[in-house]
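Participant: Here are the chains, one letter per residue:
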Amino acid sequence: MKKIINSPEHVLDEMLDGFAYANAHLVKRVTGTSVIARKYKNDGQVALVSGGGSGHEPSHAGFVGKGMLASAVCGEVFTSPTPDQVYEGIKAADQGGGVLLIIKNYTGDVMNFEMAAELAEADGIDVAHIVVDDDIAVEDSSFTAGKRGVAGTVIMHKILGAAAESGMGLQELKTLGETLVASIKSIGVSILPATVPAVGKPGFELADDEMEYGVGIHGEPGYRREPLKSSKEIAEELVMKLKDAFDWQEGDRYGVLVNGLGATPLMEQFVFMNDTAKLLDQEGLDIAFKKVGSLMTSLDMAGVSLTLVKVADEKWLDYWHMPVETTDWA
Amino acid sequence: MKKIINSPEHVLDEMLDGFAYANAHLVKRVTGTSVIARKYKNDGQVALVSGGGSGHEPSHAGFVGKGMLASAVCGEVFTSPTPDQVYEGIKAADQGGGVLLIIKNYTGDVMNFEMAAELAEADGIDVAHIVVDDDIAVEDSSFTAGKRGVAGTVIMHKILGAAAESGMGLQELKTLGETLVASIKSIGVSILPATVPAVGKPGFELADDEMEYGVGIHGEPGYRREPLKSSKEIAEELVMKLKDAFDWQEGDRYGVLVNGLGATPLMEQFVFMNDTAKLLDQEGLDIAFKKVGSLMTSLDMAGVSLTLVKVADEKWLDYWHMPVETTDWA
Amino acid sequence: MFTVENTIELFRNFATKVQTDKAWLSDLDTPIGDGDHGTNMARGLTEVTAKLDAGTYKDPGDVFKAAAMAMIGKTGGASGPLYGTAFMEMSKAVQANPDDITGALEAGLAGIQKRGKATAGEKTMVDVWVPVIESVKAGGLNAEHVDAYVEKTKPMKATKGRASYLGERSIGHLDPGSASSGLFFKALLEGGALS
Amino acid sequence: MFTVENTIELFRNFATKVQTDKAWLSDLDTPIGDGDHGTNMARGLTEVTAKLDAGTYKDPGDVFKAAAMAMIGKTGGASGPLYGTAFMEMSKAVQANPDDITGALEAGLAGIQKRGKATAGEKTMVDVWVPVIESVKAGGLNAEHVDAYVEKTKPMKATKGRASYLGERSIGHLDPGSASSGLFFKALLEGGALS
Ligand SMILES: Nc1ncnc2c1ncn2[C@@H]1O[C@H](COP(=O)(O)OP(=O)(O)O)[C@@H](O)[C@H]1O
Ligand SMILES: Nc1ncnc2c1ncn2[C@@H]1O[C@H](COP(=O)(O)OP(=O)(O)O)[C@@H](O)[C@H]1O
Ligand SMILES: [Mg+2]
Ligand SMILES: [Mg+2]
Ligand SMILES: [Mg+2]
Ligand SMILES: [Mg+2]
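So the sequence lines, in the order shown, correspond to chains A, B, C and D. Those letters in the first sequence? Residues 1 to 330, by this note's numbering. Those letters in the second sequence? Residues 1 to 330, by this note's numbering. Those letters in the third sequence? Residues 1 to 195, by this note's numbering. Those letters in the fourth sequence? Residues 1 to 195, by this note's numbering.
Treat the hints loosely; a few may be bogus.
What the hints assert, rightly or not - In silico lysine-lysine, DSBU-like type, Cα no more than 30 Å apart, as pairs: (1) B:Lys91 to A:Lys41; (2) A:Lys315 to B:Lys91; (3) B:Lys39 to A:Lys278; (4) D:Lys92 to B:Lys91; (5) A:Lys174 to C:Lys114; (6) B:Lys201 to A:Lys229.
Treat the hints as calculated values from the structure; they're not laboratory data. Predicted model, so just to flag it, every value in this text is computed and none were measured.
Put together the whole structure using the sequences plus the hints.
Facilitator: So this is what it looks like as structure tokens:
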């Protein structure tokens, strides 16, 4: 394992200290916790809290700040944070307007966040939650824990963050969040696996010429292995999967996010964006907003994911474009 | 070589198209060139132009926009752009107030940018230039081509960009730029080499447990190889090199940039920031601004670089904090 | 019956076993999960041990409660809330009646199922808790049984938890949470509570 | 003397050689540079060939000028401006006097030195141009000379260009730009200009 760290046990703590130090103008680490909270307050408004296992940086702490999250709760690497930590995150975030939890759909995350919500409600804080399950690599059936939450979560942070900043109430935000979740679908491809520091070896193996479609952001196995394909061919596979899932019509309006999984340079992400753009154009879709970057990563995994949002409401575009003050949303 | 591309020959072209597509709200690709120019104009003010070989994304195109660069000229991977391209970049950038070129100190870059400056001056455009040579890994002597330009270049973009946006004139900007260059020093460490698409294999080799201090952003060899060290030990080495170079006193005021070299996750960059922060604190330095991120990368190289800026003028801090509208400066 | 001593012993023994088999538990979690089950459980049980070292306990229910809080507070992942809820429910049951081991175990299982909504056959720790309770009821749980129940998760297809993402490909692997539950029940067997 | 035909032939031959040895040139550039010299030169000379295919030329100076513009416009890196400037200066010299090969080569070298500020012994292409010109003056350049001059850059320590960053460690490697200049002079030898 080649990593610039001191010891696997201290990675989380040291990362959080380093993050809080570097971004002290915007955020603080809540003492004794693994919570990053913004310094900005918008009194009386709903506060958004997200988080989950670490290793997905800049998610979620990089999106803490005015116009996005009020706090991020950072678990151990690839491991959901515990209820007491989430509870601390909720308390740090609360501005008196209630708190909306944005949870990625993993058994552990859902259980830990829900337990925290119970604690916070017992404290008199209004808490609602949304479970993001945008990864269409896994079937959503009674035979699975449901679809996983991946890069689409960042879009939730941006749009809901802007809506909350603009004064939308908790129930309305939850409803908007549910509509959004239903409108966001993602799918990824991995060409190199990630290594969890505490494990010390890659989470799965891929031959030198192999890639795998549908791998999850914790290295969960995908749906097909193949010899490494060109960017164009990968874009075709992913766009066609999304087409099946959305069943779109010519002229439909979408937003698009190309997300790097950690070790994939921006150069490749832009090449992939270019191939994807051509396909979306061929499909006759109207692309209302676009974003490229390593936003929901998986440590040092190489690969990309593609997220599309079916834009159901003009207002979403305003929320998308509203300026923010965070450390990682440009 | 495992990359999400189509063919090495088309990487530059496709990357630029993908970049321009994704960021069409801020920038455009000048037709038929490898120039990314901002849409925003600040009439009569100085325009900044930078660039160089590609493979350092988000440098430099990601910093094109209001408050930073007016255009970026993107050469082939790790290869300086040609004079005609730089000339196109100058023309696209010019707002009538003259153009300042920010050149990283490589023989090829300096020659190509200077030839372009001559072409532009023949056209009646006022052109000045600054050569950035912040990499202290190489001695600056009559026996070298001089120190290399690395991550400190991004600090130049930010501070000079804000100064230009605020209306500073060309000569004054050049003077400020020269003072800045003399105040910025960087040094890096690589733990995994980069692979240039057209070459297809890593630019150098490192054993599974090896790292190398002082490697350049094109894989230029560094000054020492060692078994992989901890983040703390690496921070000690780099901070001590910088201490020697700056010869600082307790209480001196600095800005700090921890830069990821491409494949290194933010998690490791923050751990490294944390170790560096402790050392800078022990040295009694007053750290006025901080930044962490993969800003000046070297394709899929893993490693980090550390840049310090001795703050000579309070005004620099205002320039540092001035908001920008670019695709990659958050 | 549960006593303060045998309950403390139960958790210390469980902690030792998890520490010893930490790498094995994470390895089991690698092909069908995310490779952290050993790390998670070890982190949780280190905290349990620390709590036991620091506190004094007057009844076995308090020991279960301390273990529950430690597991909830430090484990993370899916296993933290599941074991935490199990021990919390067991704490209540033991407080009510320290003699009724079966009742306590049933309360623990109910907690797991309330939290995780899994039923038997979904390739989760439930698939060890259910037959273990049956054997205890029948008066004859032994280590071979425990191993056999853990082993029985191998041919199952996961339909809950992270392993469910693999569908058919989850078949042929032991369930990590079942394996750690197996360690818990062996610790229980080795203590005096069941005899 | 330079004629339109032998100058076109010179550049076509140079282009073929670079194409053939592209990987070798990049390999030379890997230990002491950034591994792109072959790619750079090939890109530049592909453009030179395209220009020659497309245009018609009435004097050899125009051929040199077209080659110069193509090299400057497409090569990039350090070698682009250096070869570009060399060919541009040669174009002027040849325009003035197509018979004076030595004068043209000296003009080319002067261009390289104006642009790159290197003198002999700094492990750059200058170390091939200088002795080649001496041999031409002495009336006896041949392929073995060219190879020998390229070879002589091996023990040199680089003090210009990217290789200078290696200091002592640049010793023991051929200079890539000298190698490509070697190909140029071999193409010159194989054409008729020198005879
Ligand atoms: N819904 C559930 N009900 C019961 N047990 C479950 C459920 N989901 C997961 N588990 C158990 O949790 C174990 C995984 O725990 P762990 O690896 O620590 O958490 P995570 O999956 O969050 O990484 C599985 O092996 C399984 O036994
Ligand atoms: N200052 C200089 N003067 C003359 N030749 C130089 C100088 N700097 C570099 N060169 C030549 O250029 C060659 C490298 O060219 P190339 O690899 O294409 O450019 P880059 O170094 O920009 O990647 C070197 O091998 C050397 O012969
Ligand atoms: Mg986990
Ligand atoms: Mg180069
Ligand atoms: Mg797990
Ligand atoms: Mg080179």
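Participant: Indicate, hint by hint, whether the structure satisfies it.
Facilitator: So, going through the hints one by one against the coordinates:
1. B:Lys91 to A:Lys41: violated, 45 Å
2. A:Lys315 to B:Lys91: violated, 38 Å
3. B:Lys39 to A:Lys278: Satisfied, since the Cα-Cα distance of roughly 23 Å is no more than 30 Å.
4. D:Lys92 to B:Lys91: Answer holds: D:Lys92 to B:Lys91 is near 28 Å, not above 30 Å.
5. A:Lys174 to C:Lys114: Judged against 30 Å, a Cα distance of about 25 Å means the pair holds.
6. B:Lys201 to A:Lys229: holds, 18 Å
This entry does not satisfy hints 1 and 2, going by the numbered hints stated previously.
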